[in-house]
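Novice: Here the structure of chain A is known, so what remains is to put chains B, C and D in place on it, guided by the hints.
4 protein chains.
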Amino acid sequence: MKVGIINVTGYAGSELARLLWHHPEVELVSVTGRSAAGKRLPEVMPHLWEIDLEVTEAIHVPVDLVFSALPSGASAEALTPFVESGTKAIDIAADFRLHDAAGFKKAYKIDHPSPHLLEKAVYGLPEIHREAIKTTNLVANPGCFPEASILAMAPAVREGIIGDDVIVNALTGISGAGRGGLATNIMDHYAEANENAMAYGLGGHGHQPEIAQELAELREAPTARVTFVPHRIPMTRGILATCYAPLVDSGTTKQTVRDLYKEFYKDHPFVRVTDAPPQSKQTTGSNLCLVYPTVDEQAGRLVVISCIDNLVKGAAGQAMQNMNLMFGIPEETGLPAMALYP
Amino acid sequence: MKVGIINVTGYAGSELARLLWHHPEVELVSVTGRSAAGKRLPEVMPHLWEIDLEVTEAIHVPVDLVFSALPSGASAEALTPFVESGTKAIDIAADFRLHDAAGFKKAYKIDHPSPHLLEKAVYGLPEIHREAIKTTNLVANPGCFPEASILAMAPAVREGIIGDDVIVNALTGISGAGRGGLATNIMDHYAEANENAMAYGLGGHGHQPEIAQELAELREAPTARVTFVPHRIPMTRGILATCYAPLVDSGTTKQTVRDLYKEFYKDHPFVRVTDAPPQSKQTTGSNLCLVYPTVDEQAGRLVVISCIDNLVKGAAGQAMQNMNLMFGIPEETGLPAMALYP
Amino acid sequence: MKVGIINVTGYAGSELARLLWHHPEVELVSVTGRSAAGKRLPEVMPHLWEIDLEVTEAIHVPVDLVFSALPSGASAEALTPFVESGTKAIDIAADFRLHDAAGFKKAYKIDHPSPHLLEKAVYGLPEIHREAIKTTNLVANPGCFPEASILAMAPAVREGIIGDDVIVNALTGISGAGRGGLATNIMDHYAEANENAMAYGLGGHGHQPEIAQELAELREAPTARVTFVPHRIPMTRGILATCYAPLVDSGTTKQTVRDLYKEFYKDHPFVRVTDAPPQSKQTTGSNLCLVYPTVDEQAGRLVVISCIDNLVKGAAGQAMQNMNLMFGIPEETGLPAMALYP
Amino acid sequence: MKVGIINVTGYAGSELARLLWHHPEVELVSVTGRSAAGKRLPEVMPHLWEIDLEVTEAIHVPVDLVFSALPSGASAEALTPFVESGTKAIDIAADFRLHDAAGFKKAYKIDHPSPHLLEKAVYGLPEIHREAIKTTNLVANPGCFPEASILAMAPAVREGIIGDDVIVNALTGISGAGRGGLATNIMDHYAEANENAMAYGLGGHGHQPEIAQELAELREAPTARVTFVPHRIPMTRGILATCYAPLVDSGTTKQTVRDLYKEFYKDHPFVRVTDAPPQSKQTTGSNLCLVYPTVDEQAGRLVVISCIDNLVKGAAGQAMQNMNLMFGIPEETGLPAMALYP
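Here the protein sequences line up with chains A, B, C and D, keeping their order. First residue of the first sequence: 1, per this note's numbering; consecutive thereafter. First residue of the second sequence: 1, per this note's numbering; consecutive thereafter. First residue of the third sequence: 1, per this note's numbering; consecutive thereafter. First residue of the fourth sequence: 1, per this note's numbering; consecutive thereafter.
Source of the hints: derived by calculation from the structure; they are not laboratory data. A virtual CB, placed ideally from N, CA and C, is assigned to each residue, including glycine. The reader is advised that the hints may include incorrect statements.
Simulated crosslink set (DSS-like; lysine-lysine; CA at most 27 Å straight-line) [as the list claims (entries may be wrong)]: (1) A/Lys-109 x B/Lys-266; (2) D/Lys-120 x D/Lys-106; (3) C/Lys-106 x C/Lys-120; (4) C/Lys-254 x D/Lys-106; (5) D/Lys-39 x B/Lys-266; (6) B/Lys-254 x D/Lys-39; (7) A/Lys-106 x B/Lys-254.
Simulated restraints on C-beta separations [said to hold, decoys possible]: (8) B/Glu-50 x A/Arg-258: 50 to 58 Å; (9) B/Glu-50 x D/Pro-115: 42 to 50 Å; (10) A/Glu-43 x D/Lys-254: 47 to 55 Å.
The following block holds chain A by itself, in its conformation from the complex (with noise of 0.2 Å):
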């Protein structure tokens, strides 16, 4: 089975590029980027010295998956010739995870290239859409905050435990900016980013309405109230999302809650509900997702904490777990289970 992988030097790409060469059942035979065309990949990623292909402008030669790391709206561009030849594909950037064009357009200030494929598009988080991604030809692979958000919340939502008001509070690590941004974000300056902590996206992050659409549909409604505050914290990888609701039943124990959440993820090998509050570093390099629901019983609260790698279940890990569930290969192939730690 033959891949490619539309803009492989960013830290999605290149990520998904190293996991995909050990995968056992895949040929990873094309490559791509714009300034660093007709250079070999490890000159431009010296860490990924194995894969000794050549970047190229586009995918040249005939594959059976085409995964597209671009950025929003580049990204629907890209693809969509390969689907509409039948080519499958993932699509790591958002272009295809919102249902409809104006929601895109509303959050990412563009139209959509190709608004006639979203009804195609299935949202690729596998715990709550595994079997429309089996047999999808496009995927939408989550983004990294909905990723960790919507796990952290979905069983209590689906189940009806919570009133529609959720807050998510995320951090991120500063991978999360893309390596595209440097030029313009002095943010991202490591003197600026070490030893110190933000907030950001307030008037608006992208990843909102994202979260609202999935959430919307676990509960069967048009709608979810969900407010969404991302912050930057000094570290390169990790999400780690604390999101709050208001208990419909406030006499509802830990224990019903754990309960309910362990007999939701039972069957689900890359989601483990844990017995003590996660921390983001056991999941750096897994495509693990840690998930740990508790309540605060003074104010009838549910407190639940989730999180991932950024890059590999919240990006790269989730594309490969995608591509497994399209092909028909075992759901774990290739994807670490256990963290890089310390």
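Specialist: Coordinates of chains B, C and D only, in the frame set by chain A:
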């Protein structure tokens, strides 16, 4: 004016020594420590090389003011004789912050050593209790999280623009764990704390009742509903609190909230209402609290972000500010108002 | 093939468990710990959640190979009965690295518990002693600093292009201090180690005689003159060694040196001679050693920079590579050769 | 006394503004910037909120002293008219550090804009050139690496106890890369710089001739042999230099060296000879240089470790110390001598 510091060898105590050393009205004449007794201060804390005092077991010369940076319980015990003999005292520990002994026991799991002094103590947050601080002999310096949280919420609570339902999601650097925690908490080890984020204190953190007490007073009600979730993140200094509360009038605008905050803090030298989301690093080494109020219009929710240097405005600087007030010295004397950046 | 790990609860031991767990030819059947005895491994090391073994006080089932990650002295004691009864053993501690007991005592300030085994032990650096490793029953896994330093200097020393005067200036991440050091070394506290660099071991570090022994052997001389200065820098994993030595022929060019190094390492799967100064992070999580030789022409000096992940090529990965050699398994089996980056 | 800063928007310039703002004898009256011209300083550097000056394109009011923190080449150009019209000037860039224009061109690959001023300039290291600084109109503020390196080696070189063969192995925090480097150097991105150590400048770093020039002068010889290898490590501020040189008399003891250093620096307020290996963090925010000389007896080698805050003693603080000397103000005025720690 002569002052002493009980337990100078922790992070709050040593920061206080550094600040007091250059205060133009103060002579630091006595510093105590337990295991370090008998040594010169620079032997124990080499960065304090100019402060060539002997570390003694107890304050050994008369002082006009004594600070205590001992752990909870021990601090009240050590301060009681000073207070009873009429010496002014500032407790940097938690012992005199809560107004009733039962609440103290619940929060800290120990009996209060001097419950009769609780009613004499003034909660040392000048932005709320300035006049009372000026005339008391016993100040309870606020906890680092409450300092940031109460300053974030006070204007909204006092003006009654929010309902009684506050969430404080707070991030702290690891110096907040204290210097003594090392032997018992493997999570303070650099290799575990670095590249790691985690929530803790989910079973009930000692700072929650402190925040609730002050917010209740501000709303002139017997109680306040507060969910408080602290998180450890990989930095040395700094607290960033992101606070959420439902607006009473969901049509309240950002500008209204902003004006209200600006008005509330206009005469307070160390609180600044910022125009953009503040960064914890913009307070490093300074006595500033930066506050940024905004509104999530979709959800009808007030969101306020605040940050401080946990060892300055969250401990030693706040204590020195209180000292200035207690002794009629201009409030800003000796306190840095611009951060070390980057 | 069944293996056991003595003292799995440190950083080297747990990293080894993680690597062995996915080794296709190995079954990890027994892991020991002292304070953790009686618990399941994931209770003590949550990131190892897949390895649901009981931590026992001693290896409790027959094994084909035993690894020890105990502290020096204790390690030799624990391994001796295994070695004497014919079980193969790899010591990750320092106990069998130096060839004579007197040198051991001088370096580690304790009497060697099993001096009679010293002559059986092979220094486990495959790039120098591969054939001997294949046939021994007792491997002394190199120290992390010596691993990087010897690989940096071996080609130059063996070829005789430098004088007998080597300086190794090495930088290490804080995981190198070990997990047990916490209680006694305040410098392991995040708040002290972060944003801080310092040299240590200036009175004589235990790794200096190890480096000197191996360089002496390479130059076929009784001794080698080596100045070794380790430094702690604020990162978790990684060693970067910058080595200096006078060129015998001050006209030796960069290209000559480079060719010599490339030739020397051409058949060694885990040493790469790089085209640019290597970054420690280009080895994170991998078993690679990157080596970059160059020449300071003005000074007639060879400068070689090398780096490794101290817990992989500097400990657990090197141990597994040695295991592969001892059991006739292909050398690279189970060992990652590309780093987790960024 | 009125002063101005050309290019206030970098790390050195903004640190200088912060220090000058509280200097009791100085009024900061003009600050310049290029892209920021027209804005208020706090808009560009929010942590400098008290310094509410307009950023202008050029110094727009008369000043008694001008500092330049422009990049090399541009700095000399901007300062030349001031110097020629008799205004005192301190250049924080590299333009007046080397005594001859040919050396400048070799080091910085550009023609010197004002070679005629080179002989007027005094190298601004007060510990070596204090008297000359007092009477000059043009001070060349030392580079950050040379500052630490020359102070480490000066006593040994001047006393002639070492041979002409110095190695400087230096570590720097990432703020040393400057604020402007962001757009072009991906290695300044937090995600790349964090958890990473690397050597650079191996082809010849501009600070090498500066170190060599000053050491040559100290030994009263035309040249000095210096190998200089800088390294980037993951911290924001701080330089730690570890310097090596062969002892002329291999029997020279640690105590002899130590006494010599203590004597040499006994009247210099900002250099401290420490009793233990210094930590870079013990200088953060201060104008200190810590120096620790020792001897590797086995190798007959002097080893000296020194550290500074690269933005204070390595740039802005050193510049202000020079200003004090030039204007007959007590040398320590306005300069912090104790670090912010932890």
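Novice: Each hint: holds or not?
Specialist: We went through each hint and held it up to the structure:
1. A/Lys-109 x B/Lys-266: violated, 37 Å
2. D/Lys-120 x D/Lys-106: holds, 21 Å
3. C/Lys-106 x C/Lys-120: holds, 21 Å
4. C/Lys-254 x D/Lys-106: Distance of about 21 Å is within 27 Å: holds.
5. D/Lys-39 x B/Lys-266: Holds - the C-alpha atoms of B/Lys-266 and D/Lys-39 are around 24 Å apart, at most 27 Å.
6. B/Lys-254 x D/Lys-39: holds, 25 Å
7. A/Lys-106 x B/Lys-254: Given that 27 Å is the threshold and the Cα spacing comes to 21 Å, the pair holds.
8. B/Glu-50 x A/Arg-258: 50 to 58 Å: holds, 54 Å
9. B/Glu-50 x D/Pro-115: 42 to 50 Å: Between B/Glu-50 and D/Pro-115, where Cβ atoms are some 43 Å apart, the hint holds.
10. A/Glu-43 x D/Lys-254: 47 to 55 Å: Given range 47 to 55 Å: holds, Cβ gap about 48 Å.
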